[in-house]
Amino acid sequence: MNRAFAAVLACVAAGCFSNLDAAENPAPIPPERFDKLHQMIRVQPDEQRFWQIPWKLTISEARVQAAVEGKPIFVWAGAGGAPIGVC
Amino acid sequence: MIELLKSKFVCVAVDARKERGEYKDADGDFVRATNCVTVTASGSICVVTAGGKALGPYSGPGREMVKWLQSKLKAWEALPEADRTTDRSAVKSDQNVDPRRAALALPNGALVIRVFNRHLGWDEKKSIRYAIADDYLPGTSKVEAERYAMAQNDFMWVPEKEWRALIPSDPHMGQSVEVPASFALRLFRWHLDPARGFTEGANFAASRAADGKLTMTVQEVSPNKLRLALVGHADLKQTGRDEVATFRPALFGYIEIDRPSSMFTRFDVVALGTASGLPTDANGKVAFRKGEYPVGIAFELVKNPTPAEKLHPRGARDNPTAYLEPKERK
Numbered sequence: 001m002n003r004a005f006a007a008v009l010a011c012v013a014a015g016c017f018s019n020l021d022a023a024e025n026p027a028p029i030p031p032e033r034f035d036k037l038h039q040m041i042r043v044q045p046d047e048q049r050f051w052q053i054p055w056k057l058t059i060s061e062a063r064v065q066a067a068v069e070g071k072p073i074f075v076w077a078g079a080g081g082a083p084i085g086v087c
Numbered sequence: 001m002i003e004l005l006k007s008k009f010v011c012v013a014v015d016a017r018k019e020r021g022e023y024k025d026a027d028g029d030f031v032r033a034t035n036c037v038t039v040t041a042s043g044s045i046c047v048v049t050a051g052g053k054a055l056g057p058y059s060g061p062g063r064e065m066v067k068w069l070q071s072k073l074k075a076w077e078a079l080p081e082a083d084r085t086t087d088r089s090a091v092k093s094d095q096n097v098d099p100r101r102a103a104l105a106l107p108n109g110a111l112v113i114r115v116f117n118r119h120l121g122w123d124e125k126k127s128i129r130y131a132i133a134d135d136y137l138p139g140t141s142k143v144e145a146e147r148y149a150m151a152q153n154d155f156m157w158v159p160e161k162e163w164r165a166l167i168p169s170d171p172h173m174g175q176s177v178e179v180p181a182s183f184a185l186r187l188f189r190w191h192l193d194p195a196r197g198f199t200e201g202a203n204f205a206a207s208r209a210a211d212g213k214l215t216m217t218v219q220e221v222s223p224n225k226l227r228l229a230l231v232g233h234a235d236l237k238q239t240g241r242d243e244v245a246t247f248r249p250a251l252f253g254y255i256e257i258d259r260p261s262s263m264f265t266r267f268d269v270v271a272l273g274t275a276s277g278l279p280t281d282a283n284g285k286v287a288f289r290k291g292e293y294p295v296g297i298a299f300e301l302v303k304n305p306t307p308a309e310k311l312h313p314r315g316a317r318d319n320p321t322a323y324l325e326p327k328e329r330k
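Chains R and S supply the protein sequences, listed in that same order. Read in order, the letters of the first sequence correspond to residues 1 to 87 in this note's numbering. Read in order, the letters of the second sequence correspond to residues 1 to 330 in this note's numbering.
Quick caveat, the hints were computed from the structure, so don't treat them as lab data. Don't take every hint at face value.
To be verified - Pairs of lysine-lysine, BS3-like flavour, derived with a Cα cap of 27 Å:
no., chain 1, residue 1, chain 2, residue 2
1, S, Lys-24, S, Lys-53
2, S, Lys-161, S, Lys-225
3, S, Lys-8, R, Lys-71
4, S, Lys-72, R, Lys-71
Since this is a predicted model, take the numbers as computed values, not measurements.
Construct the entire structure; sequences and hints are all you get.
So, in structure tokens, the structure goes:
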């Protein structure tokens with residue numbers, strides 16, 4: 001993560017959640033802070049870089065493309081699901 | 001490495017357990033014949049040819065991956081011409097697809113929402129900040145802590161019948177309506193789970209619609225546009241092996257619809273709250289963190305999903321019908 005960017009976002013978001021007390025219900029999210037908060041939580045440019053790859057989700061789709069383009073196939077498997085998301 | 005993979009390989013991401021053990025179709029047969037997938041908790045990597053010749057699995061540390069990929073490219077280039085060229089018509093792509101695989105395809109008309117989980121921390125003033133190494137259990141390395149602090153990934157599907165029910169038929173400014181129970185159930189059971197991205201376990205799969213409240217209020221309405229504010233909260237609990245898992249987020253966001261086409265143009269929502277007893281690993285043990293800590297979850301619309309963005313949600317993995325049409329348990 002870009003640390004400078006992270007620090008800025010954290011500071012921006014800080015004020016509205018200082019009353020997020022773990023022992024009580026969560027404070028409502030103020031609408032005026034929503035955009036900054038959403039931006040802070042969502043993926044950052046240097047995270048999940050594997051999503052820059054145009055993944056196929058089936059072997060047969062990969063085989064067809066590999067045959068057309070003359071390339072080998074890189075297979076990434078996860079025990080609990082496709083590792084790009086289902087885990 | 002990303003550029004090498006993009007330019008020199010065709011990349012595919014699959015479910016090892018299903019491909020090896022469940023799917024009885026051409027893809028499952030290919031996986032079993034080439035042994036290109038291994039069921040391990042840490043995942044597996046392999047290079048194969050389109051014709052079904054395995055060039056070998058990867059088993060080294062991450063920093064050696066580029067060298068390994070380059071060696072596999074050389075091995076591929078050294079293959080006889082017949083092994084490198086495969087007639088695409090010989091690939092049986094759509095024939096006899098296992099119905100369990102077909103059931104995990106994106107339903108026609110469904111909305112695709114990207115979901116990002118992020119574990120956060122509190123500073124000394126109890127303001128949220130990005131998580132740091134000190135937030136994790138002693139012995140957690142800096143590299144591990146940075147990985148845990150990153151956004152994790154899932155998708156949410158909203159079936160057409162349900163997203164149509166989200167749109168008020170005769171909207172007027174200030175009008176408030178509760179979301180359909182099925183929408184709340186899906187969200188509470190599968191998409192407000194701080195464990196997503198850390199383990200395949202699901203912490204709140206037994207949640208009820210009454211475990212939270214989600215209200216939409218009309219903020220803008222014109223012949224062409226409808227904007228709704230989604231506001232709510234949830235109080236999720238589930239007994240764990242070692243301690244009760246909890247997550248109590250507030251939710252807020254905006255949903256926008258192009259009225260002439262009934263197309264969603266925005267679905268930006270945030271959930272932010274306190275979690276404890278999470279996440280658990282595959283054995284049910286509490287891992288990574290102890291005590292209470294903040295978690296944020298961001299949702300955003302995928303307008304034109306790529307093939308990879310049609311990946312099924314974790315919640316649909318074991319029972320797609322129960323995910324798409326969730327019902328209250330009796």
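Now the hints, each set against the structure:
For the given pair, Lys-24 of chain S sits about 20 Å from Lys-53 of chain S by alpha-carbon distance, which is consistent with the 27 Å threshold. Of the pairs offered as hints, the one joining Lys-161 of chain S and Lys-225 of chain S holds, with about 20 Å between alpha carbons and a cut-off of 27 Å not exceeded. For the given pair, Lys-8 of chain S sits about 6 Å from Lys-71 of chain R by alpha-carbon distance, which is consistent with the 27 Å threshold. Only pairs whose Cα atoms come within 27 Å are accepted, and Lys-72 of chain S paired with Lys-71 of chain R is accepted, the gap being roughly 11 Å.
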